[in-house]
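Chemist: Each chain, written out:
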Amino acid sequence: MAWESVIGLEVHLQLATQSKIFSGSPTTFGAEPNTQASAVDLAMPGMLPVLNEMAVKSAVKFGLGIGARICRRSVFDRKNYFYPDLPKGYQISQFEQPIVGKGTFDIPMDDGSVRTIGITRAHLEEDAGKSLHEDFHGQTGIDLNRAGTPLLEIVTDPDIRTAAEAVAYLKALHSLVTYLGISDGNMAEGSMRCDINISLRQVGSETMGTRAEIKNVNSFRFVEKAIHHEIERQTDILEDGGSIVQETRLYDSDKDETRSMRSKEVANDYRYFPEPDLLPVVIDEAYIQAVADELPELPQEKRQRFVAQYALSSYDAAVLADNRELADYFETVTAACGDAKIAANWVQVELLGQLNRGELALRDSPVSAEDLGGLIARILDNSISGKIAKQVFEGMWQGEGSADDVIEARGLKQVSDSTELEAMVDAVIADNRQQVEQYLAADEAKRKKLVGFFVGQVMKISKGQANPKIVNELLASKLV
Amino acid sequence: MTIEQQDIENIAELARIRIAHDQIGTVTDRIAAILAMVDQLQAVDTRNIEPMANPLDAVQVLRADVVTEPNRREAFQAIAPAVENGLYLVPKVIE
Chain W
0 MAWESVIGLE VHLQLATQSK IFSGSPTTFG AEPNTQASAV DLAMPGMLPV
50 LNEMAVKSAV KFGLGIGARI CRRSVFDRKN YFYPDLPKGY QISQFEQPIV
100 GKGTFDIPMD DGSVRTIGIT RAHLEEDAGK SLHEDFHGQT GIDLNRAGTP
150 LLEIVTDPDI RTAAEAVAYL KALHSLVTYL GISDGNMAEG SMRCDINISL
200 RQVGSETMGT RAEIKNVNSF RFVEKAIHHE IERQTDILED GGSIVQETRL
250 YDSDKDETRS MRSKEVANDY RYFPEPDLLP VVIDEAYIQA VADELPELPQ
300 EKRQRFVAQY ALSSYDAAVL ADNRELADYF ETVTAACGDA KIAANWVQVE
350 LLGQLNRGEL ALRDSPVSAE DLGGLIARIL DNSISGKIAK QVFEGMWQGE
400 GSADDVIEAR GLKQVSDSTE LEAMVDAVIA DNRQQVEQYL AADEAKRKKL
450 VGFFVGQVMK ISKGQANPKI VNELLASKLV
Chain R
0 MTIEQQDIEN IAELARIRIA HDQIGTVTDR IAAILAMVDQ LQAVDTRNIE
50 PMANPLDAVQ VLRADVVTEP NRREAFQAIA PAVENGLYLV PKVIE
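For the record, the sequence lines run as chains W and R. All the letters of the first sequence, read from the start, carry residue numbers 0 to 479 under numbering that gives the first Met the number 0. All the letters of the second sequence, read from the start, carry residue numbers 0 to 94 under numbering that gives the first Met the number 0.
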């Protein structure tokens with residue numbers, strides 16, 4: 000039987016604000032436990048929440064970024080449950096009236112195609128603290144530094160069909176939110192955490208199967224593995240004639256499996272009701288317009304512009320537009336050398352290659368965009384060949400200066416002087432009589448292949464620095 | 000709406016309220032009486048009335064995104080039953 004998986008994702012995005020969503024405590028990651036937890040975050044009696052303007056603005060930016068409806072009036076609710084890392088006994092969230100309504104999001108796939116994923120909603124809420132279960136003599140340690148960090152929960156429609164689509168969605172979302180500057184998107188520090196809803200149905204069926212929810216997956220790779228695992232698990236159960244239990248599961252990356260959380264709670268009965276300590280949030284047209292005016296060019300627009308303006312393939316455009324710094328770097332290289340295609344190639348192959356090998360971020364690149372553009376300009380004006388350029392790039396990477404500095408210091412300038420080249424060509428012809436005779440005896444088609452041998456010999460003598468165009472011309476005139 | 004003893008036990012569990020076994024019947028009857036009153040309210044036609052999120056006729060004022068709270072961990076932890084390495088200790092919770 001052929002099964003189709005139906006997947007929806009809920010992403011909890013930590014917003015990059017200075018202070019918490021309802022208090023003036025800092026949100027810096029990695030501080031000493033409980034040093035960033037104020038009386039509001041600790042739920043001391045009588046404390047009242049005051050909403051952070053930047054959290055609201057970030058949500059509006061996101062909504063505009065996916066062309067969603069921004070709700071003019073949104074309401075906070077209490078989501079009630081007991082857990083020690085949630086001192087109030089409820090989480091302030093939004094339930095029936097979220098700040099961001101329906102929208103759509105276009106995802107570039109690796110094959111260059113585009114998938115559109117529906118966004119159901121996005122709402123503001125507060126993060127919980129952290130529970131540490133080890134080493135406290137049978138007790139649990141609670142750190143409330145994270146309690147009250149603003150979150151935007153972004154919920155997709157059940158539009159995703161494969162693990163690859165889920166990962167492509169998350170990458171595109173990561174790209175969007177970092178472009179917007181509303182989150183640092185640091186998954187290792189938990190800035191972007193993902194819950195996966197997944198069910199199977201027979202291909203062609205329109206009804207949904209029973210779903211399982213996998214909680215708190217925190218890397219692109221784990222999302223992919225968790226989905227593969229869960230599809231396999233559900234397929235086995237259904238093929239054996241069993242049925243799926245609706246439940247929450249945890250992905251264990253060490254064992255590469257999902258397992259039931261065996262929650263004691265009978266059902267997720269959160270008994271939502273409107274938060275009486277906060278008034279409705281009302282946003283007017285002028286505010287939305289002001290935020291819209293601040294938006295940068297977004298990844299999707301940039302990809303389309305790169306294809307139109309620079310004639311890049313949609314794949315190259317997607318790679319280069321993936322983050323803002325890389326896109327800016329590429330455009331600076333292009334402006335400096337005047338050839339977008341070669342610039343795109345050098346940025347993707349040589350630059351990203353070196354950065355990956357050295358595990359460096361783009362901002363730490365020892366070669367500036369202007370200098371890389373300067374190097375490419377030397378290929379374009381025939382001062383050096385593409386092959387020599389790689390040596391020059393190595394030198395620049397080692398801190399030997401600009402392209403011209405390295406070419407000068409290492410004596411790598413292409414030899415275009417025809418007297419010098421003529422002497423080399425004559426020497427090669429004199430030293431390879433047998434090949435010359437073969438060449439002369441061959442027909443036109445074969446000659447084209449055989450001439451490569453002579454070019455290669457001249458390159459060898461010149462250490463790769465001979466101008467191949469002039470060498471070819473000289474050979475053509477002398478091999479008669 | 001009718002309410003059963005089982006519902007009361009369930010809600011008490013969710014709210015972490017312990018009700019003595021011999022009290023459950025009384026509590027159920029009392030809440031049932033309250034709900035009967037709510038039923039009267041439910042009968043009012045509210046089709047053209049916007050749901051009220053807050054009785055105050057005002058909208059939320061927003062706070063500028065600046066850090067205003069100093070670290071007062073020492074003062075807060077002085078009144079906590081158990082702390083270690085800066086963490087609050089609570090009875091073990093693990094699923």
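Don't read these hints as lab results, they were simulated from the structure. It is possible that part of the hints are untrue.
[What the hints assert, rightly or not] Here are the simulated lysine to any residue pairs, SDA-like style, with alpha carbons at most 20 Å apart: (1) W:Lys-386 - W:Ser-415; (2) W:Lys-78 - R:Leu-88; (3) R:Lys-91 - W:Lys-386; (4) W:Lys-129 - R:Ile-16; (5) W:Lys-78 - R:Ala-14; (6) W:Lys-87 - R:Ala-63; (7) W:Lys-56 - R:Ala-63; (8) R:Lys-91 - W:Lys-477; (9) W:Lys-254 - W:Arg-220; (10) R:Lys-91 - W:Tyr-82; (11) W:Lys-129 - R:Arg-17; (12) W:Lys-87 - R:Val-92; (13) W:Lys-129 - R:Gln-59; (14) W:Lys-459 - W:Lys-477; (15) W:Lys-386 - R:Phe-75; (16) W:Lys-214 - W:Gly-240; (17) W:Lys-56 - R:Asp-38.
[Unchecked claim] Every beta carbon over 12 Å from chain R, so not counted as near; a handful from chain W, in silico: (18) Val-10; (19) Lys-19; (20) Glu-52; (21) Ser-73; (22) Gln-90; (23) Gly-100; (24) Lys-101; (25) Ser-112; (26) Ile-341; (27) Glu-421.
Note that this is a predicted model, so its numbers are computed, not measured. For each residue, glycine too, the CB sits at the ideal point set by N, CA and C.
Chemist: Going through the earlier hints one by one, which of them does the structure break, listed in rising order?
Modeler: Hints 2, 3, 4, 6, 8, 11, 13, 15, 16, 17, 19, 20, 21 contradicted; others consistent.
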